[in-house]
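K.L.:
Whole structure, please, built from the sequences with the hints as guidance.
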Amino acid sequence: MTASAIPATETSGSLPSDRSAALGRLKFRDAGFRFMTFGAASLVLILLLGVAISLFIGAWPAFRHFGLDFFISDSWSPPKERFGAAAAIYGTVVTSIIAMLIGVPVGLGIAVFLTELCPPVLRRPIGVAIELLAGIPSIIYGIWGVYYFKPFMQAYVQPFLIGTLGAIPGIGVLFAGPPLGYGILTAGLVLAVMILPFVTAISRDVFETVPSVLKEAAYGVGATTFEVVGNIVIPYTRVGVVGGVMLALGRALGETMAVTFVIGNATKISTSILSQGTTISAMIANQFADADPGLFTSSLLALGFILFIITFIVLALARWMLSRLEVKAGR
Amino acid sequence: MFLRSFLSAALIAASVGCAWAGDISGAGATFPFPIYAKWADAYKKATGNGLNYQSIGSGAGIKQIKAKTVTFGATDAPLKAKDLEEAGLEQWPMVMGGIVPVVNLSGVKSGELTIDGPTLAKIFMGKITKWNDPALKALNSKASLPDLAIAVVHRADGSGTTFNFTNYLSKVSSDWNSAIGVATSVEWPVGIGAKGNDGVANNVAGTNGAIGYVEYAYAKQNHLTYADMINKAGKAVAPTMEAFQAAAANADWAKAPGFYVILTDQSGDESWPLTAATFILMYKKPVDVTASNEALKFFEYCYDKGGDMAKALDYIPMPENVVALVKKAWATDIRQK
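Protein chains in written order, with our numbering: chain A, 1 to 331; chain B, 1 to 337.
Treat the hints with care, as some may be off.
[Unchecked claim] Computed far set for chain A versus chain B, every beta-carbon distance over 12 Å: (1) R64; (2) L161; (3) G250.
[As the list claims (entries may be wrong)] Computed footprint of chain B on chain A; a stretch qualifies when at least three of its residues, placed anywhere within it, have a C-beta under 8 Å from a C-beta of chain B: (4) 78-88; (5) 177-187; (6) 262-273; (7) 290-300.
[Stated by the list, open to error] Computed from the model, here is a short list of chain A residues facing chain B with C-beta under 8 Å: (8) S75; (9) P151; (10) Q276; (11) N286; (12) Q287.
Simulated from the structure, these hints should not be mistaken for laboratory data. Note that the structure is predicted; figures quoted are calculated from it, not measured. Glycine included, C-beta positions come from ideal geometry on N, C-alpha and C.
P.N.:
Here it is in structure tokens:
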């Protein structure tokens with residue numbers, strides 16, 4: 001206030017210097033603002049790098065001691081100091097694949113229904129329900145998984161799968177073994193429910209950004225709803241959809257408590273998806289508190305580092321896919 | 001959210017007690033936490049001094065005492081005399097408990113099933129997979145054992161219970177000893193891994209044909225079917241307070257440096273083979289002598305006045321002769337001035 005009042009009372013001769021002072025102030029303020037935002041942005045980079053480096057330093061003794069064997073061996077024996085990550089990596093990847101196979105189509109289906117087909121009366125309740133699903137803490141999914149979903153799997157789903165798919169030569173090995181309820185499949189299905197709201201909420205939001213003029217034009221030339229969704233809505237919003245799917249995959253890969261409750265925590269690889277397994281985060285959650293310093297702790301940190309790398313690769317792949325889609329769309 | 005967690009933390013702290021300048025601080029095993037909390041409550045009422053015990057697991061307890069962040073550490077898996085020597089630590093047993101095999105077999109009640117050590121090892125190695133296996137039938141001529149797959153349930157997290165259980169299996173089965181070994185978490189050849197004693201109890205209760213191992217109190221509270229065991233003397237025993245105490249009485253505490261006695265597979269006709277003690281670790285030359293003395297006063301109170309409280313919670317107090325040995329060790333080893 002005073003700064004703008006002063007030049008008016010003073011002689012015109014001193015104006016240029018005043019103006020430059022004001023400009024200097026503004027410039028200084030701008031530089032300060034830029035510096036602060038830049039600092040905030042680089043803080044993220046520094047944190048990321050710091051986490052990666054400290055994990056790697058912690059993991060190094062295990063990598064050095066076991067070498068490539070750490071990634072191939074599925075033996076995890078603390079008393080014998082023999083550690084291999086294969087079982088945990090396998091469980092992490094397979095549960096995530098199962099979750100994505102079920103969660104993504106269903107999630108996209110819900111989003112399409114909500115934006116294109118749903119009667120307005122239902123839109124809000126279903127939308128709110130999806131958002132509530134996203135807000136449930138993962139430990140609640142774990143408890144639900146143990147007390148309600150696992151007995152259901154044990155009593156109905158698994159005996160059915162063993163009886164039908166398990167009898168088919170070839171894919172039968174995927175559905176072998178006694179129906180104990182706990183296992184890779186149960187964990188994958190719980191994860192599917194957990195990632196559903198991510199896929200749905202993000203896809204719905206981006207679907208709503210499609211200009212109605214595009215959709216109406218397509219309907220106008222006689223396209224069916226299916227064709228509109230497939231040819232207009234999804235191509236228009238693919239960046240957002242892929243982003244949502246990747247966020248969901250990120251959650252599926254790193255989810256800890258809910259998986260620990262239902263996966264059965266067996267550190268070995270079996271061909272059957274009904275058998276018990278483990279994931280990287282479940283192993284760390286179970287064993288870190290009691291791990292002896294030395295190779296045991298280092299191996300757990302190595303597991304953490306591997307999960308970090310897997311997540312990184314997934315994100316990089318997503319970026320790469322997106323950039324390819326952009327190029328294609330540009331042509 | 002923050003406020004609520006802060007409040008609940010404050011409530012827990014208040015219930016365990018915190019008054020004396022500095023508080024007795026300890027960390028470690030989860031298994032004795034209920035009785036330590038109970039003792040602390042009574043001690044606080046009697047003396048006004050409180051205890052801050054973090055039940056973070058045996059391994060973590062050892063880490064904390066070695067880092068000197070607490071006055072005492074608590075562990076179910078005792079340190080060997082050599083390790084104690086290196087770290088300058090004094091170790092003694094505080095209280096005992098029993099581990100029981102629990103099963104879920106329709107038509108079989110507690111006491112109707114008997115298992116011996118080698119058979120138990122074979123089950124947990126996946127070498128015996130059916131309940132009507134000849135080895136089980138030979139031990140249980142009267143029980144009707146079904147043609148049902150055995151579902152093994154074990155701990156997924158690192159645990160002192162697992163340490164004592166695998167220690168027993170290693171003593172009775174050379175196969176187990178060479179292939180799997182003894183630790184707070186091992187490489188289980190078969191089975192479902194569950195979190196905590198309650199996780200195992202819940203799993204066994206929910207799975208027909210399951211077998212697992214839990215602390216006695218969990219078997220009792222969850223009304224699980226337990227199995228009797230054949231002990232070292234070849235006698236069948238049921239898991240009772242008397243059988244746990246018999247195992248402790250038969251152990252040779254006086255000759256064990258650092259009280260390194262693992263109570264599994266003790267001799268004696270009455271001894272329960274899966275008995276376990278939980279231990280306290282303290283520095284012989286404490287950094288804070290006042291805190292160390294306060295902790296010793298608390299443990300003395302627990303030994304002298306805490307027996308009935310322990311029994312009420314299904315723990316077994318240490319026999320008097322062992323308590324006398326521990327007190328003598330305190331007087332000679334730990335600097336109190």
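K.L.:
It remains to establish, for every hint, whether it holds in the given structure.
P.N.:
Evaluated hints:
{"no.": "1", "hint": "R64", "result": "holds, 22 Å"}
{"no.": "2", "hint": "L161", "result": "holds, 17 Å"}
{"no.": "3", "hint": "G250", "result": "holds, 23 Å"}
{"no.": "4", "hint": "78-88", "result": "holds (count 4)"}
{"no.": "5", "hint": "177-187", "result": "holds (count 4)"}
{"no.": "6", "hint": "262-273", "result": "holds (count 4)"}
{"no.": "7", "hint": "290-300", "result": "holds (count 4)"}
{"no.": "8", "hint": "S75", "result": "holds, 6 Å"}
{"no.": "9", "hint": "P151", "result": "holds, 6 Å"}
{"no.": "10", "hint": "Q276", "result": "holds, 6 Å"}
{"no.": "11", "hint": "N286", "result": "holds, 5 Å"}
{"no.": "12", "hint": "Q287", "result": "holds, 5 Å"}
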